[in-house]
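2 protein chains.
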Amino acid sequence: MDYREELEPVLGDDKLARKPAEDNENRGKYNGRRIANDLNSIYSTDLLPARDGEEATKQFLQELVNILLAYICKSMKPGSKVLDFHHPHQLKEGLEGFSLDLPDRPENLEQLLVDCQDTLKYGVKTGHPRFFNQLSSGLDIVGLAGEWLTSTANTNLITYEISPVFLLMEEVLLQKMCGIIGWSEEEGDGVFSPGGTMSNLYSVLLARFHRFPEVKTKGMNGLPRLVLFTSEHSHYSVKSSAAVLGIGIDNIILVKCDERGKMLPAELESSIASAKAKGLVPFYVNATAGTTVYGAFDPLNSIADICARHGLWMHVDAAWGGGLLLSSRHRGKLQGIERASSVTWNPHKMMGVPLQCSAILVKKKGLLQSCNQLNAEYLFQPDKQYDVSYDTGDKSIQCGRHVDVFKLWLMWKAKGSEGFGAQVNHCLENAEYLYCKIKSRPDFELVFNSKPEHSNVCFWYLPHSLRSMSPGPERDRRLHAVAPKIKARMMEGGQTMVGYQPLGDKANFFRCVFSNPATQREDVDFLLNEIARLGHDL
Amino acid sequence: MDYREELEPVLGDDKLARKPAEDNENRGKYNGRRIANDLNSIYSTDLLPARDGEEATKQFLQELVNILLAYICKSMKPGSKVLDFHHPHQLKEGLEGFSLDLPDRPENLEQLLVDCQDTLKYGVKTGHPRFFNQLSSGLDIVGLAGEWLTSTANTNLITYEISPVFLLMEEVLLQKMCGIIGWSEEEGDGVFSPGGTMSNLYSVLLARFHRFPEVKTKGMNGLPRLVLFTSEHSHYSVKSSAAVLGIGIDNIILVKCDERGKMLPAELESSIASAKAKGLVPFYVNATAGTTVYGAFDPLNSIADICARHGLWMHVDAAWGGGLLLSSRHRGKLQGIERASSVTWNPHKMMGVPLQCSAILVKKKGLLQSCNQLNAEYLFQPDKQYDVSYDTGDKSIQCGRHVDVFKLWLMWKAKGSEGFGAQVNHCLENAEYLYCKIKSRPDFELVFNSKPEHSNVCFWYLPHSLRSMSPGPERDRRLHAVAPKIKARMMEGGQTMVGYQPLGDKANFFRCVFSNPATQREDVDFLLNEIARLGHDL
Chain A
1 MDYREELEPV LGDDKLARKP AEDNENRGKY NGRRIANDLN SIYSTDLLPA RDGEEATKQF
61 LQELVNILLA YICKSMKPGS KVLDFHHPHQ LKEGLEGFSL DLPDRPENLE QLLVDCQDTL
121 KYGVKTGHPR FFNQLSSGLD IVGLAGEWLT STANTNLITY EISPVFLLME EVLLQKMCGI
181 IGWSEEEGDG VFSPGGTMSN LYSVLLARFH RFPEVKTKGM NGLPRLVLFT SEHSHYSVKS
241 SAAVLGIGID NIILVKCDER GKMLPAELES SIASAKAKGL VPFYVNATAG TTVYGAFDPL
301 NSIADICARH GLWMHVDAAW GGGLLLSSRH RGKLQGIERA SSVTWNPHKM MGVPLQCSAI
361 LVKKKGLLQS CNQLNAEYLF QPDKQYDVSY DTGDKSIQCG RHVDVFKLWL MWKAKGSEGF
421 GAQVNHCLEN AEYLYCKIKS RPDFELVFNS KPEHSNVCFW YLPHSLRSMS PGPERDRRLH
481 AVAPKIKARM MEGGQTMVGY QPLGDKANFF RCVFSNPATQ REDVDFLLNE IARLGHDL
Chain B
1 MDYREELEPV LGDDKLARKP AEDNENRGKY NGRRIANDLN SIYSTDLLPA RDGEEATKQF
61 LQELVNILLA YICKSMKPGS KVLDFHHPHQ LKEGLEGFSL DLPDRPENLE QLLVDCQDTL
121 KYGVKTGHPR FFNQLSSGLD IVGLAGEWLT STANTNLITY EISPVFLLME EVLLQKMCGI
181 IGWSEEEGDG VFSPGGTMSN LYSVLLARFH RFPEVKTKGM NGLPRLVLFT SEHSHYSVKS
241 SAAVLGIGID NIILVKCDER GKMLPAELES SIASAKAKGL VPFYVNATAG TTVYGAFDPL
301 NSIADICARH GLWMHVDAAW GGGLLLSSRH RGKLQGIERA SSVTWNPHKM MGVPLQCSAI
361 LVKKKGLLQS CNQLNAEYLF QPDKQYDVSY DTGDKSIQCG RHVDVFKLWL MWKAKGSEGF
421 GAQVNHCLEN AEYLYCKIKS RPDFELVFNS KPEHSNVCFW YLPHSLRSMS PGPERDRRLH
481 AVAPKIKARM MEGGQTMVGY QPLGDKANFF RCVFSNPATQ REDVDFLLNE IARLGHDL
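The listed protein sequences correspond, in order, to chains A and B.
Each residue of the first sequence is one higher than the one before, counting from 1 in the UniProt record's numbering.
Each residue of the second sequence is one higher than the one before, counting from 1 in the UniProt record's numbering.
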């Protein structure tokens, strides 16, 4: 196995900076050198299951792992770039020989490794401590190990027969999460789904079935006009669910929020009353625990009171905020969540689990099964030799499902509940630090002036030219153009990434979110200074 | 980096058979020995992004990779076991110290590696050449490399901003697949979704929106009673879609098939006529290209004629059969697919791509976008610096999506279209070999006597006691019990795995499917001999 010694240098950190294919001549020469066993003349058909394919398989995968390890180490360095931006047309033209085209004839293994390096090179380092662009960020090493194992096991979360360990892990995780929400042992059920939007869709589906079980067989035709309630600041997945499920977006009633982005219970109450007065049939309320933009927590107990009074299904979209339940310091912000009929909770957001990992948790046992089961005979044979209640695939609307549970399970082993709590606390401390910094600087302005409840901080950068302008439509118009211009320059520079958006009548503002434990205070400082550097002349 | 030399033995093939923790005393000693750098006293908090965490990170991931490489090599050996079966209660009790419980306090890295080994040990080797249990099987090494890279890149398929390379790869793949279907350059759109069931759901959603665009805003309330058509042998995801979308399972009209499992066009025609006569509104027909159990191909051209005549959306569920399009020898079986309005095609089935990888392809450009877009401002800002038509996340009903495209892209580079074709041919040759073997043996009986069109072969095993019985309810009753008993013994023995099910009035029969290129004729022989060995005394 000489190739290992030969590959050793690749593990050095800045070797990847020496991009393999600086020009087309070098194409196919991974890192500019030839490899001992000559992957240049080996093809995928030489890998396992080919007879004698073991050595080639190990060599190829080991080479790939070396590339990945170098990438990981580089991603975590604050001074390295977050991205190397190119426009779509540039990437499509085949930068430095990186061709996206799909061939008729096979390429050799060395070329594949070059393709892998190029793919990483032109991508975005979401694990970088200065990537603040999405609710999901960071690269948890144990979670990553979990993903590597999951893809090696390559099975389907559907029957105990083919996923014995993973199905039991799913059960253990769901029970743990239901317990943390505060449901009793007789309560609590759930399923992992492909993302928070799908989990929220499950919640509306379940609420409708719970109220009108005949909808599964008869459809919406005989039903009265159903309406559901969610706040102006809630995630657009509630709209999407209404569109998909045949309820219709117009039948969503958006409830007003306070200036902080929290749903106003009095507004919910009056919206329900006015819907009823019009002959509409309310059946579902979505409360958000951690809104996407402001990071606001709706007042769950007040909303639960209203839902109880009107007999409505209360869903809590804690996709973003669920992680706070693991912090004794912050879990009070979700008080009342135990009164929900269902909860969406995405460990791939605040808990730092690699994408994707989202759970829909349901208080009432058995409802998922009765809502979704179709008893396909080729999968769910009743005459198996084991306890078929573990064939839980029929609870989902997906048939087979990707195994999203193992990485979470392994991370839980690695950190313990306490470790997750510490991670959440660290992210929220960063948010508070950013909030204080912004308050103290004249060139930044908060979108709303109160301490962050979650890790979202929303703010404007004010270039010199705007600082002395008095508020009004002209200032707003000019302010609106600032964030996109800074973002464009930021992406060209590639040192950091943060998102922006308008909201209601508010001009484009930046939203910084923290979910990456790698981020430190100096990275927060860097972000503000970088924005100021990029925008001062605007 | 001494640990590498020290770890070398782990790469030997049967080292994993020496299970690390034979008893509780050995818990925490990975493979019964201590590791140089002592992962026993290192925790996840010592890994990156911890300061000086680089070495520990490389060591931990390298150890994990060694475990995975050993597992992969072992999985591919025909003589090794496919599974080591335990009942749910046994696994939950903590076999040999393997505890599924989630701790409050962290566990050390060595313990995590032991947990990883145990997870693999008690799982099912779906890449094993004698695993015939699911439509998805095999372990493609290049696909696996693709998954390892994907999870390391850990990003979300939603905006070009955070997934530039992967979104372009999705576009390239979708264009390629649309071209292979036979759509012109002006036609063809699509999105990768989390599995065939979701892809089929997309098709019904699109068909409904195409006919009644107001459903997105108004819901199903004002609509007439919609009905859809699919064959008795089609996948249950069509039912699931009707339940989820608010159409209702009762509004699915199941069309009769011939004895081979193909939809009878005359039956479709008369079903449509009779639905119309009742005042129902047909809008969608699902034709299957490769049914789940029999592997049958519906006559697509005849069905397309009927759909054209009645103005109905024609969907082709080619989740299982789509791969045959890459074989010049077999693609004729899908003749007429180019006339479909939409197609489901799962590369994770017949093309051997690791789970999950499924595409919904749509003939009409722009329809996915208009059906599903909600223009969330925090994601799809119109004032970005790049061509925002590449922010294709709004075409999906999922918001963020797992990156399922890279592994397929990399496999396509590795094999070329030709390599996929050869792989499909090999699997279908195995099926034909099995079919011929069964015909020649008195102890096996085919469920229907015609050469397999896909790689499905359905058959009964007849123990001595049944061979001389005349057909009738008593023989059926006894035959029905045979397959479950053999399957139970098969799983206890762990040498192979194949599925069984009843269908209509047919007693439980085995369904063998081939999608694993690792499978050779001796494995097919083994399956039959093993079934006979396990069942001869029944």
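Worth flagging that the hints you see were computed from the coordinates, not collected in a lab.
Please read these numbers as outputs of a predicted model, since none were measured by experiment.
Using N, Cα and C, we set each Cβ at its ideal position, and we do this for glycine too.
Some hints here could point you the wrong way.
Said to hold, decoys possible - Cβ-to-Cβ under 7 Å is the rule here; a few derived chain B residues that face chain A:
(1) I42
(2) D46
(3) L47
(4) R51
(5) A145
(6) T152
(7) V165
(8) G400
(9) L466
(10) S468
(11) M469
(12) A488
(13) D523
Now the hints, each set against the structure:
1. A cut of 7 Å between beta carbons decides the hint on I42(B): the least distance to chain A is about 11 Å, and the hint is violated.
2. Residue-level restraint check for D46(B) is violated (minimum Cβ-Cβ distance to chain A is 10 Å; threshold 7 Å).
3. Annotation: interface hint on L47(B) holds; nearest CB of chain A at approximately 4 Å, less than 7 Å.
4. The criterion of a C-beta within 7 Å of any C-beta in chain A is not met by R51(B), whose closest approach is roughly 10 Å, and the hint is violated.
5. This hint holds: A145(B) has a C-beta 5 Å from the nearest C-beta of chain A, less than the 7 Å allowed.
6. Evaluation of the T152(B) hint against chain A yields a held restraint, the C-beta minimum of about 5 Å falling below 7 Å.
7. Among the interface hints, the one on V165(B) holds; its C-beta lies about 5 Å from the nearest C-beta in chain A, closer than the 7 Å criterion.
8. The criterion of a C-beta within 7 Å of any C-beta in chain A is met by G400(B), whose closest approach is roughly 6 Å, and the hint holds.
9. For L466(B), the shortest C-beta to C-beta distance to chain A is roughly 17 Å, which exceeds 7 Å, and the interface hint is violated.
10. Given hint, S468(B) at the interface with chain A, is violated; its Cβ is 25 Å from that chain's nearest Cβ, farther than 7 Å.
11. Because the smallest distance between the Cβ of M469(B) and any Cβ of chain A comes to about 21 Å, over 7 Å, the interface hint for this residue is violated.
12. A cut of 7 Å between beta carbons decides the hint on A488(B): the least distance to chain A is about 4 Å, and the hint holds.
13. Given the 7 Å rule on beta carbons, the hint for D523(B) is violated: about 10 Å separates it from the nearest Cβ of chain A.
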